[in-house]
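Q: Below, each chain spelled out in residue letters.
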Amino acid sequence: MPIFEEKIPDKPIYYEVRQQARRFLSSSMKGNQIASLIVAVVVFAVMAYSFIISSKYIHVSVPVFFLPGLIGIILPGVVSGLISGEIQKRSMESLLATPLSTGQLVIAKALRAVLPVLATVAAILSLVLILLVGKLIYGDDSAGEFYSGWISIPAGIIISLVFAYAVTGICLAVSAVTRSTVASMVTSYGVMMLVYVIVPSIVAPIYVAIVGDGTGMEAYLAALHPYGMVALTAVEPLMDRANAGLVLILILIGLLIQGAIGFFGLAFAASRMEQLKRKGIEG
Amino acid sequence: MLEVTSLDKRYGQFQAVNDVSFTLEPGQIMGFIGSNGAGKTTTIKMLATLLEPTSGKATLNGRLLNSNDLLVRKEIGYMPDYFGLYEDIKVWEYLDMFASLYGVPGIDRPKVIDEVLELTDLGFKKNEFAHSLSRGMQQRLCLARCLVHNPTLLLLDEPASGLDPRARSELKDLIGELGRMGKIVIVSSHILPELADFSTVVGIIERGQMLAFGKVKDVVRSLTPAKKIQVRLLEKGAEASMWLHGKDHVSATEFVNPNEFRFDFTGTPEDQAALLKAMVDGGFPVVEFLDEEADLEDLFMKVTKGALN
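So the protein sequences, as listed, match chains Y and X.
Just so you know, the first sequence maps onto residues 1 to 283 in my numbering.
Just so you know, the second sequence maps onto residues 1 to 309 in my numbering.
Keep in mind the hints are simulated off the structure, nothing from the lab.
One thing to keep in mind: the hints can contain errors.
[To be verified] Result set (DMTMM-like, lysine to aspartate or glutamate): computed pairs, CA atoms no more than 20 Å apart in a straight line:
{"id": "1", "chain 1": "X", "residue 1": "LYS90", "chain 2": "X", "residue 2": "GLU75"}
{"id": "2", "chain 1": "X", "residue 1": "LYS247", "chain 2": "X", "residue 2": "ASP218"}
{"id": "3", "chain 1": "Y", "residue 1": "LYS279", "chain 2": "X", "residue 2": "GLU52"}
{"id": "4", "chain 1": "Y", "residue 1": "LYS89", "chain 2": "X", "residue 2": "ASP81"}
{"id": "5", "chain 1": "Y", "residue 1": "LYS89", "chain 2": "X", "residue 2": "ASP218"}
{"id": "6", "chain 1": "X", "residue 1": "LYS236", "chain 2": "X", "residue 2": "GLU270"}
{"id": "7", "chain 1": "Y", "residue 1": "LYS89", "chain 2": "X", "residue 2": "ASP69"}
{"id": "8", "chain 1": "Y", "residue 1": "LYS89", "chain 2": "X", "residue 2": "ASP88"}
{"id": "9", "chain 1": "Y", "residue 1": "LYS279", "chain 2": "X", "residue 2": "ASP81"}
{"id": "10", "chain 1": "X", "residue 1": "LYS228", "chain 2": "X", "residue 2": "ASP218"}
{"id": "11", "chain 1": "Y", "residue 1": "LYS279", "chain 2": "X", "residue 2": "ASP19"}
{"id": "12", "chain 1": "X", "residue 1": "LYS183", "chain 2": "X", "residue 2": "GLU93"}
{"id": "13", "chain 1": "Y", "residue 1": "LYS279", "chain 2": "X", "residue 2": "ASP121"}
{"id": "14", "chain 1": "Y", "residue 1": "LYS279", "chain 2": "X", "residue 2": "ASP8"}
{"id": "15", "chain 1": "X", "residue 1": "LYS111", "chain 2": "X", "residue 2": "ASP121"}
{"id": "16", "chain 1": "X", "residue 1": "LYS217", "chain 2": "X", "residue 2": "GLU254"}
{"id": "17", "chain 1": "Y", "residue 1": "LYS89", "chain 2": "X", "residue 2": "ASP264"}
{"id": "18", "chain 1": "X", "residue 1": "LYS111", "chain 2": "X", "residue 2": "ASP81"}
{"id": "19", "chain 1": "X", "residue 1": "LYS228", "chain 2": "X", "residue 2": "GLU292"}
{"id": "20", "chain 1": "X", "residue 1": "LYS57", "chain 2": "X", "residue 2": "GLU128"}
[Unchecked claim] Ranges of calculated distance between the beta carbons of each label pair, as one might list FRET restraints:
{"id": "21", "chain 1": "X", "residue 1": "GLU52", "chain 2": "Y", "residue 2": "ALA119", "range": "53 to 63 Å"}
{"id": "22", "chain 1": "X", "residue 1": "SER169", "chain 2": "Y", "residue 2": "GLY259", "range": "56 to 66 Å"}
{"id": "23", "chain 1": "Y", "residue 1": "LEU248", "chain 2": "X", "residue 2": "SER132", "range": "53 to 63 Å"}
{"id": "24", "chain 1": "Y", "residue 1": "MET193", "chain 2": "X", "residue 2": "LEU71", "range": "34 to 44 Å"}
{"id": "25", "chain 1": "Y", "residue 1": "ALA267", "chain 2": "X", "residue 2": "GLU115", "range": "31 to 41 Å"}
{"id": "26", "chain 1": "Y", "residue 1": "ALA119", "chain 2": "X", "residue 2": "GLU115", "range": "29 to 39 Å"}
{"id": "27", "chain 1": "X", "residue 1": "SER222", "chain 2": "Y", "residue 2": "PHE264", "range": "51 to 61 Å"}
We treat Cβ as the ideally placed atom computed from N, Cα and C, and that holds for glycine.
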């Protein structure tokens, strides 16, 4: 057996995702996991029922509007405890002592978000399918506010995936500086509230007061917010007042900003872990 | 071969580890002894590349132990003094995860896991959840985890803390076995008799300074130039003590009971034989004339006393 294999293992970063999937498929879940699965199924059934009976008046892209909100609620619960939890359980030291670099460790932790996000996207897509089935039964009368175009469904999903990346970055960054899972979760929700709710709700009225309402300029501001981006791809009046090409560029810039938030979050978490590794977890 | 050269660690004004140097050959088991806060854990963490030394260095087979070199960690098995297990992971999954983290190829992993489980006597718990194991078993699982990548250097920080006597004795056997497998093992503890049995080398650390290092017997000899001899007589204990008082190499007599006392003796074994002969010829009814081996406990108390005062 060679003493030093000059190759850093890259597969372990998928370990978490693989284990998660295996546990789910082999149905060796714990009580609370089964309970949350039942709750999710019930909520989904209620939503599906209300969608199918109102399908005549709702455009097929409407479920996509739930996606950023669902991701914003679900992801911090999954991701925010991943680093602080290891420190709290004191299992971090064993991990830091392995040949895995801190960057790989943070990416492995971030991959934990993949399955919940994919499950959420799948649920939303099946709601779209349910709406289509409803329209086959009850007919379609949903013209008006929304584009009849289908582009908003893939666009909304792509925007939501980038948003999920940003949320993962924020949560892991918070997780790397807090010392317990609960503190990390509360702080993650707080930071997200600040970035995505409080700051926009302060900036938007000021913007409207200065630039004025109904000028079409609000589209450009909306492009910076994940929900605004989704709205721009789907809502007719908002899009009509702006130059479509310019809005597309703005959405791309908005996506870059979200991507940057995610990247800096992960980089911050990695640098913080590097610090823990060099100075010791207690010190 | 592990070479540690004047390792230093300073936290602000506080000198946690001060100029620690030693060398260990493959197969040697070093008992690392020191009271709480003496610098054992800091030294071990520096060797595990989890803490950067302020100055000094350590090399393993010529390769520098440093936190920038991720691959050197494949040669180190580190067992922290306190560790957490994941809640929803089975014993074999836990080992599988660490084997993959240390780069053991997937095809070899099942065999490696079976081997380390057999070595640590945990084979029958393979499919149990890790957190459901008893404390002793968790300790053994952690040791198994340190062994999955077949490291050359094992750093065990207080592996026996919180174990019952039986688990402790099993752990001792296991560590002895690892030494025979040619690994360099460093075991720290503040419970001394626990290390005396299987350590080939002992290092005593106090206030960050290595006070003594070497083979157990050598350390004992170098630190206790005078050995204790215990004498038991049928009668005339007090007179025998008086008689001994003026003899060469003899000092500090202390009575255990009227006919039994010990004294410090600095002479050679020949002197010792001559002294016994003289005593018997002098008409003292000697029943016992024993060398008292200084044990690690005494030694530790003796060595650290100087530093603490």
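Q: Check whether the Cα positions of LYS111 of chain X and ASP81 of chain X lie no farther apart than 20 Å.
A: Answer violated: LYS111 of chain X to ASP81 of chain X is near 28 Å, above 20 Å.
Q: Has the given pair, LYS279 of chain Y with ASP121 of chain X, been kept, meaning a C-alpha gap of at most 20 Å?
A: With a Cα-Cα distance of about 35 Å, the restraint between LYS279 of chain Y and ASP121 of chain X is violated, given a limit of 20 Å.
Q: Holds or violated: the 51 to 61 Å window for the beta-carbon distance between SER222 of chain X and PHE264 of chain Y?
A: holds, 58 Å
Q: Is the straight-line distance between the alpha-carbon of LYS236 of chain X and that of GLU270 of chain X 20 Å or less?
A: At roughly 25 Å apart (the allowed maximum being 20 Å), GLU270 of chain X and LYS236 of chain X break the hint.
Q: 56 to 66 Å was suggested as the range; check whether the CB atoms of SER169 of chain X and GLY259 of chain Y agree with it.
A: For SER169 of chain X and GLY259 of chain Y the Cβ distance comes to about 58 Å; the hint holds.
Q: Is LYS279 of chain Y close enough to GLU52 of chain X, meaning Cα to Cα at most 20 Å?
A: Within the cut-off at roughly 7 Å; holds.
Q: Quick one, are LYS89 of chain Y and ASP264 of chain X close enough, alpha carbons at most 20 Å?
A: violated, 52 Å
Q: Between LYS90 of chain X and GLU75 of chain X, is the straight-line Cα distance small enough, at 20 Å or below?
A: violated, 25 Å
Q: Hey, LYS217 of chain X versus GLU254 of chain X, does the alpha-carbon distance stay inside 20 Å?
A: Since the Cα atoms of LYS217 of chain X and GLU254 of chain X sit roughly 25 Å apart, the hinted pair is violated (cutoff 20 Å).
Q: Confirm or reject the claim that LEU248 of chain Y and SER132 of chain X have a C-beta distance inside 53 to 63 Å.
A: holds, 55 Å
Q: Is the gap between the beta carbons of ALA119 of chain Y and GLU115 of chain X within 29 to 39 Å?
A: holds, 38 Å
Q: Does the structure keep LYS228 of chain X and ASP218 of chain X at a Cα separation of 20 Å or less?
A: It holds: about 16 Å lies between the C-alpha atoms, which stays within 20 Å.
Hint compliance for this structure: hints 1, 2, 5, 6, 7, 12, 13, 16, 17, 18, 20, 21 are not met, and every other hint is.
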